[in-house]
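Q: Residue-level listing of the chains:
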Amino acid sequence: MTHVFSMLVENHQGVLSRIAGLFAGRGYNLESITAGVTTDPQISRITLVCKGDDNVIDQIKKQLNKLIDVIKVNDLSALASLNRELALIKVRAKPNQRGEIFQVADVFRARVLDVGIDSMVLEVTGSSEKIDNFAAVLQPYSIREIARSGLISMERGKKQATEPVRQRKGASEKLNDDFKITIA
Amino acid sequence: MKINGAELFVKALKAEGVRHLFGFPGGVVIPVFDALFSETEIQVILTRHEQGAVHAADGYARSTGKTGVCLVTSGPGATNTVTGIATANFDSVPIVCFTGQVSRSMIGNDAFQEADIVGITRPITKHNYLVLDRKDLGRVLKEAFTIANSGRPGPVLVDLPKDVILEKGDDEYPARVSIRGYNPVLKGHPNQIKKAAMELKRAKRPLFYVGGGIHIAEAVEIFRKAVKKTKVPVVHSLMGIGALPGDDPLCLGMLGMHGTYAANMAVTGADLLFGIGNRFDDRATGELSKFAPEAKIVHIDQDPVSISRNVPVEVPIVGDARLVLEQLLPLLEAPKISDWIEQINKWKEEHPLEVRVGGGTEASKANKATAGGARNAARGKPGRLRPDRVILTICEVFPDAIIATEVGQNQMWTSQFFTFRHPRSLLTSGGLGTMGYGFPAAIGAQFANPDKRVIDIAGDGSIQMNIQELATAVHNNLPVIVAILNNGYLGMVRQWQELFFDKRYSSTCLMTGADCPPQCKGPSDHCPVYLPDFVKLAEAYGAVGMRVFEEKDIKPALTEAGRIKDRPIFIDFIVEREFNVFPMVAPGAGISEMMFSEGRQG
Numbered sequence: 153m154t155h156v157f158s159m160l161v162e163n164h165q166g167v168l169s170r171i172a173g174l175f176a177g178r179g180y181n182l183e184s185i186t187a188g189v190t191t192d193p194q195i196s197r198i199t200l201v202c203k204g205d206d207n208v209i210d211q212i213k214k215q216l217n218k219l220i221d222v223i224k225v226n227d228l229s230a231l232a233s234l235n236r237e238l239a240l241i242k243v244r245a246k247p248n249q250r251g252e253i254f255q256v257a258d259v260f261r262a263r264v265l266d267v268g269i270d271s272m273v274l275e276v277t278g279s280s281e282k283i284d285n286f287a288a289v290l291q292p293y294s295i296r297e298i299a300r301s302g303l304i305s306m307e308r309g310k311k312q313a314t315e316p317v318r319q320r321k322g323a324s325e326k327l328n329d330d331f332k333i334t335i336a
Numbered sequence: 004m005k006i007n008g009a010e011l012f013v014k015a016l017k018a019e020g021v022r023h024l025f026g027f028p029g030g031v032v033i034p035v036f037d038a039l040f041s042e043t044e045i046q047v048i049l050t051r052h053e054q055g056a057v058h059a060a061d062g063y064a065r066s067t068g069k070t071g072v073c074l075v076t077s078g079p080g081a082t083n084t085v086t087g088i089a090t091a092n093f094d095s096v097p098i099v100c101f102t103g104q105v106s107r108s109m110i111g112n113d114a115f116q117e118a119d120i121v122g123i124t125r126p127i128t129k130h131n132y133l134v135l136d137r138k139d140l141g142r143v144l145k146e147a148f149t150i151a152n153s154g155r156p157g158p159v160l161v162d163l164p165k166d167v168i169l170e171k172g173d174d175e176y177p178a179r180v181s182i183r184g185y186n187p188v189l190k191g192h193p194n195q196i197k198k199a200a201m202e203l204k205r206a207k208r209p210l211f212y213v214g215g216g217i218h219i220a221e222a223v224e225i226f227r228k229a230v231k232k233t234k235v236p237v238v239h240s241l242m243g244i245g246a247l248p249g250d251d252p253l254c255l256g257m258l259g260m261h262g263t264y265a266a267n268m269a270v271t272g273a274d275l276l277f278g279i280g281n282r283f284d285d286r287a288t289g290e291l292s293k294f295a296p297e298a299k300i301v302h303i304d305q306d307p308v309s310i311s312r313n314v315p316v317e318v319p320i321v322g323d324a325r326l327v328l329e330q331l332l333p334l335l336e337a338p339k340i341s342d343w344i345e346q347i348n349k350w351k352e353e354h355p356l357e358v359r360v361g362g363g364t365e366a367s368k369a370n371k372a373t374a375g376g377a378r379n380a381a382r383g384k385p386g387r388l389r390p391d392r393v394i395l396t397i398c399e400v401f402p403d404a405i406i407a408t409e410v411g412q413n414q415m416w417t418s419q420f421f422t423f424r425h426p427r428s429l430l431t432s433g434g435l436g437t438m439g440y441g442f443p444a445a446i447g448a449q450f451a452n453p454d455k456r457v458i459d460i461a462g463d464g465s466i467q468m469n470i471q472e473l474a475t476a477v478h479n480n481l482p483v484i485v486a487i488l489n490n491g492y493l494g495m496v497r498q499w500q501e502l503f504f505d506k507r508y509s510s511t512c513l514m515t516g517a518d519c520p521p522q523c524k525g526p527s528d529h530c531p532v533y534l535p536d537f538v539k540l541a542e543a544y545g546a547v548g549m550r551v552f553e554e555k556d557i558k559p560a561l562t563e564a565g566r567i568k569d570r571p572i573f574i575d576f577i578v579e580r581e582f583n584v585f586p587m588v589a590p591g592a593g594i595s596e597m598m599f600s601e602g603r604q605g
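Heads up: the sequence lines are chains A and B, in that order.
When we follow my numbering, the leftmost residue of the first sequence carries the number 153, and every step to the right adds one.
When we follow my numbering, the leftmost residue of the second sequence carries the number 4, and every step to the right adds one.
Just chain A, with the same shape it has in the complex (with noise of 0.2 Å):
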């Protein structure tokens, strides 16, 4: 079962390093793993993807714990939580196909960032599966590059995941806009 959690850490030199290896050496399954800091910048936010059985996700969970620079461990997927993940794909886009692709981003409500004489970019914002359909509506044009960021979370509601970590208000209240509309 594919688990997120969010975690709050040490902005210390090589705490990406120790999670890592934590996956790498104990045989643990990471499938993606983003780091920015917070607000307080001695705190990095770390969101990371993982999969497994209840048994190796309980044996991350205590891993991660134990590891000194980890000051919490959310475990997001048995909470309402919002996700999201970045992705930038550069197709293949002859002039005469151009207003197709439009029409598909703009369902997808993925934006045009750059438009060359046979391919484009474009960015969109989004569920882990709404990006891979997307990818998918685009592949009989040709997929030429595809970035993206790994998963991002966060908790709904006014919780807040430590004391010391002010979220700034405007930055919430447009996730949660970006949240109504996926779901409208």
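Straight-line C-alpha distance at most 30 Å; calculated DSBU-like pairs for lysine-lysine: (1) A:K218 x B:K198; (2) B:K17 x B:K145; (3) A:K224 x B:K138.
Sample of chain B residues facing chain A (criterion: CB under 7 Å; computed from the structure): (4) R125; (5) P126; (6) H130; (7) R183; (8) G184; (9) Y185; (10) P307; (11) V308.
By construction, these hints were calculated from the structure, which means they are not laboratory data.
Cβ atoms here follow ideal geometry from the backbone N, Cα and C, with glycine treated the same way.
With chain A fixed as given, assemble chain B onto it according to the hints.
A: Using the frame of chain A, we list chain B on its own:
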């Protein structure tokens, strides 16, 4: 006042009460050794290899509970500590290991003697640091000592770049630090403790199963009280040896691959297994599907990771073993288990740990004339020394010694035939299984326990892995006794080859020469009696060397060794070459499916 990093390092060591530092110098740490040069409070012990320094710090820590400290240089100095660190990590030993590093501007440039030791040791330390800012040094040093010896202890490595060592800065060493990602749970959850006490009271066939955590948490005394109060029998892992005196009627001995019959049968028959500070390691459990099939499991451990990893646990309790037992003790009641005790006593009589005596006439304390004893009597060749007799005699002459072992047959025989009565009296590499551990660990333990007798029970294979530490022991006038059970083989591997690989002794004979027959399947008259000459080797270093061939000479040799107080003593016991460790559980079998001799299943 402004002081340099090396001076702050010395200040930190003093503040932590460090009296002994095991080390080996090199280019980038010269300033640190220089700062230690005129120190009288801290004795710097020069080992002859960095691995020896770490094992010595490990033995020092295991025998006392104090943090062991070592200091080595960058590059090869640092990489030589890796086995020692992994050994300590596996067995939860508090060590702080300081490594030098090239100057910050050189890091990443493949500079001379540069190694990414923080990267290399990340998975084998509890935590590690590369100090990149002199401002952080005081805090990092304090964090290292705090983390190493709290919660589930373990090794912490601190990598010190040369220019950080030399940079002048703050002289402050904090009295305490708080680390927000690190808060070990100490007391157990009261409801879980109630539940555990209830399960024990209700059980019809309960069993304590204790591991090394009981020594680490200094919980032996309170555990013995709990046993006295409940009269519940006890099995222990290799690391749990000494939790209950080995000759206590309720102590069934070690469980697992080379455990006792009574211990393994009791685990298999128990309806409640009460684990304390153990890990349910595969050498203890055997095939998991056949492990304690009828038992509910209570598990007290400091590390949540150990709980429900290998076996599902009904009542998990995270906490410090001593504190949890203090909470638990008032709630404990003795269950009614006279039938169970009777059954266990039957198992004990059925297959005691045998001392198979050459000639078949003599019975030892551990062997009250059993069918098993007679069955195996034919195996011992007269005139050849038996390793179990050597260990029984060591136990007789030095009953209160601190015993270190190497790894392999010597380790298992020690666990079977030495009667341990005290906590922290066995130093052995249980988890990692590091050959070459015992001798340097014994040296470290001798520094920490100058008034005790420290003995390393070794094999002729293992002792050669860190034999250079003879010089350390001689130069420091340490009367460490090394009892070499010399069979000319890497005995445990040879035993497996004998049992499971049709006696194809591939690369396990330590006396193989160019004129040996190809594909040798056992010793012959052609073999040399010993190789190398450990007596001469000991003497070359200025130690005492003795050699024993006959059983009658064991005790006199040990007694003579006991009189020597100023030098290490090597006793080379030339033992029967193909003597095996039994009982044994074959790999993949359940622990109740034991072999008591070659080719026999009980």
